[in-house]
Amino acid sequence: MADLDSKTPGAARRRGWLGNWWQRVGTLRDVPTQLEGMLLSLACIVGVLVIWWIITVGDGDHRLVDAYTLPSPAATFASFPLLWERGLSLGALTSLSRVFGGFLMAAAIGVPLGLISGSYLRVGAFFKPVSIFGRNVPIAALIPLTLIWFGTADVQKVMFIFLAAVAFIHFDSSSAARAVPDRFLETAYTLGARRNWTKGLRLCVIIALAYSMVASLGWSLLQEHVRLAADVKSAGFWLRALLGFALGIGLWFPLLSHQVLRKVVVPMAMPDVVNSLRLLFGLAFGYIMLAEVINPKHGLGALIITSQRQGPREHIYLCLLIIALLAWGIDRFILMIQRQAFPYLKYGQD
Amino acid sequence: MARIDIPAGSAPCEIAPVAANGTLRRIVEFDRVSKTYLPGTRKEFTAIRDVTFHVEDKPDVGEFIGMLGPSGCGKSTVLRLIAGLAPHFPATSGTVLVDGVPAEGPGPDRGFVFQDYANFPNRTVLDNVAFGLECAHVPQKERLERAWEWLGKVGLNAKNDAYKFPYQLSGGMNQRVAIARTLILGPRIILMDEPFGALDPGTRQNMQDLLVALWKELEATVFFVTHDVGEAVFLADRLYIFSPSPGSIVQQMAITPPDRKSVEMQAVPAFQQSVREVRHLLDQAGRVSPTAPTPA
Ligand SMILES: Nc1ncnc2c1ncn2[C@@H]1O[C@H](COP(=O)(O)OP(=O)(O)OP(=O)(O)O)[C@@H](O)[C@H]1O
Ligand SMILES: [Mg+2]
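Sequence order for the protein chains is B and V. Counting in the working numbering, the first sequence tops out at residue 350, every number present. Counting in the working numbering, the second sequence tops out at residue 646, every number present.
Hints may contain errors.
[To be verified] Straight-line C-alpha distance at most 35 Å; calculated DSBU-like pairs for lysine-lysine:
hint	chain 1	residue 1	chain 2	residue 2
1	B	128	V	393
2	V	393	B	199
3	B	263	V	611
4	V	509	B	263
5	V	514	V	611
6	V	509	B	199
7	B	263	V	503
8	V	503	B	199
9	B	263	V	491
10	V	491	B	199
[Unchecked claim] Here are a few chain B residues that sit away from chain V, every Cβ distance over 12 Å (derived from the structure):
hint	residue
11	60
12	142
13	149
14	178
15	199
16	205
17	236
18	243
19	254
20	259
[To be verified] Per label pair, the in silico range of CB-to-CB distance:
hint	chain 1	residue 1	chain 2	residue 2	range
21	V	396	B	182	20 to 30 Å
22	V	437	B	226	39 to 49 Å
23	B	19	V	422	51 to 61 Å
24	B	128	V	393	20 to 30 Å
25	B	201	V	422	39 to 49 Å
26	B	132	V	396	49 to 59 Å
27	B	182	V	536	21 to 31 Å
28	V	391	B	133	31 to 41 Å
29	B	221	V	391	51 to 61 Å
30	V	452	B	132	49 to 59 Å
31	B	201	V	392	39 to 49 Å
32	V	393	B	332	42 to 52 Å
33	V	392	B	97	55 to 65 Å
Keep in mind that the hints were calculated from the coordinates and are not lab data. Quick reminder that beta carbons are idealized off the backbone N, C-alpha and C, glycines included.
Construct the entire structure; sequences and hints are all you get.
Written as structure tokens, this is what we have:
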């Protein structure tokens, strides 16, 4: 009977809104309204909280899961002020700046080198072994290595993120440059795009100065027990400045000295590059916890590990939540920038 | 010397032999040009064999050369050899001369219009048209003014469309942008590879009329590849007919240039007769069915 019903024209009305809605749930790719989507997400959160509450309600032996294994939601959220007092904001800021530092360095090298590798294919062939090695080395194994190389200061965490991310950024940027269809390069050539040494050199001297600053000043600031005033007088400082400058020139001159790359390939590869950076940043944010848990010194990871050792354990859950929220917020922020920067693309991916 | 065949029977659309005038400069010259891919391997493949022709640079008027032939016979290869685009360029043997010197890599003196327009998706219409001037370091104000002017010339509404991105345009509008972007540089040679192949018949006829109008003031030599016999007969002064792969030019003929709009031309009996005749020649040269329907 029900089947017959659904074929008659009046069926939709007779089924009522819940019936209609249920049918739409079962329709492939039927897009929910924004409000509907939000309500559904809210339902999921409420569901998790309810389950959490049910298995932790009551006290002592009456609980399904004991308080040691899983604190109740109420107890967890009630411990938030204490977490704040333990320096939550400073910890979050510390972790974030470590990821930012390492990731920016990785991007500053990986992106231009990747774009070069995807455009000058012989350079790409040369770097291929390094790229393969970097993407397949077990990330966790880099922690003991970075501890040996860089000690236990901030610089170790930053370099860990750098090493973990740079090969992936290089690979994705290279693919992005390679994915620009030949047709656009051919068009650019027939419209007169060509090499332009002088313009390329002018642009990349400016960029190279920035690299030089980071290599000299930035590096000093990362070190523990190094006073800037004294460091500026050291030969190492100026050697780093020089090396940074050379690196900047080497990475950007090949890209900026050719109009086809500067005007066509690089801008057209940029949406893919930024998208990959956004996704990789999310991963890097996860990796920093690894480094901070193994060698705890400030940061959210350190908060988690001390909470596990000395309590309160509620803080572990809070920290996990905050990390996820923070990562999500940053992701949304970059996505927003992406939409602004590339208005000619339609971004839908989450 | 180019081989010139006059089709049998009287020429309804005044198909006449091209006067071989040796004193004129040759803008493009092919001498026994062949292109073989992967020579010496099992996959060796000859795309074109012994292609020989030349086009003279007549003062004030360029020639409009239509290129017809079965699919895969090497029409694109010939265009890309003139443009200097790899992997078709350089030729395996023979000489390709452009303006009397061996062809080089691509440059703005040889404009290329592709079937898929290839407008830069990250640039607005105006910036797409100004691209070539930008590469040549024309100051911003001047190049945008000239691009704006060219939008009008190719029949776009500059006020409406100048700041749109290519994805917001129809196929016909995109092809207008691509044509403006090429012609703004005033190339001596314009290479068009099935430029209207992806357009609907109505748009296609409009574009043909546009091209005729623009070409008259440009004085450039145009090489125009098409699969549409009607389009070739309408647009061209001269037709090159290719044999199947490995392609070579089996027939050249002169054709009366268009004197009216594409739609009106289709109705002229003499024009229809010419189209039938060319189709017959194509059929002899290759495998194109004389009854094959053509959109235009
Ligand atoms: N890079 C390449 N390597 C090997 N063979 C190629 C290559 N490019 C083209 N060819 C071959 O050369 C022949 C001529 O190609 P071309 O594109 O010039 O033909 P065409 O006349 O333009 O065909 P169509 O009308 O279908 O566009 C084809 O058979 C093609 O398969
Ligand atoms: Mg072709």
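Results for each hint:
| no. | hint | result |
| --- | --- | --- |
| 1 | B:128 / V:393 | holds, 29 Å |
| 2 | V:393 / B:199 | violated, 44 Å |
| 3 | B:263 / V:611 | violated, 39 Å |
| 4 | V:509 / B:263 | holds, 25 Å |
| 5 | V:514 / V:611 | holds, 30 Å |
| 6 | V:509 / B:199 | holds, 33 Å |
| 7 | B:263 / V:503 | holds, 25 Å |
| 8 | V:503 / B:199 | holds, 32 Å |
| 9 | B:263 / V:491 | holds, 18 Å |
| 10 | V:491 / B:199 | holds, 19 Å |
| 11 | 60 | holds, 65 Å |
| 12 | 142 | holds, 37 Å |
| 13 | 149 | holds, 41 Å |
| 14 | 178 | holds, 16 Å |
| 15 | 199 | violated, 9 Å |
| 16 | 205 | holds, 19 Å |
| 17 | 236 | holds, 42 Å |
| 18 | 243 | holds, 34 Å |
| 19 | 254 | holds, 18 Å |
| 20 | 259 | violated, 5 Å |
| 21 | V:396 / B:182: 20 to 30 Å | holds, 23 Å |
| 22 | V:437 / B:226: 39 to 49 Å | violated, 55 Å |
| 23 | B:19 / V:422: 51 to 61 Å | holds, 58 Å |
| 24 | B:128 / V:393: 20 to 30 Å | holds, 26 Å |
| 25 | B:201 / V:422: 39 to 49 Å | holds, 46 Å |
| 26 | B:132 / V:396: 49 to 59 Å | violated, 39 Å |
| 27 | B:182 / V:536: 21 to 31 Å | holds, 26 Å |
| 28 | V:391 / B:133: 31 to 41 Å | holds, 34 Å |
| 29 | B:221 / V:391: 51 to 61 Å | holds, 59 Å |
| 30 | V:452 / B:132: 49 to 59 Å | violated, 42 Å |
| 31 | B:201 / V:392: 39 to 49 Å | holds, 47 Å |
| 32 | V:393 / B:332: 42 to 52 Å | holds, 51 Å |
| 33 | V:392 / B:97: 55 to 65 Å | holds, 60 Å |
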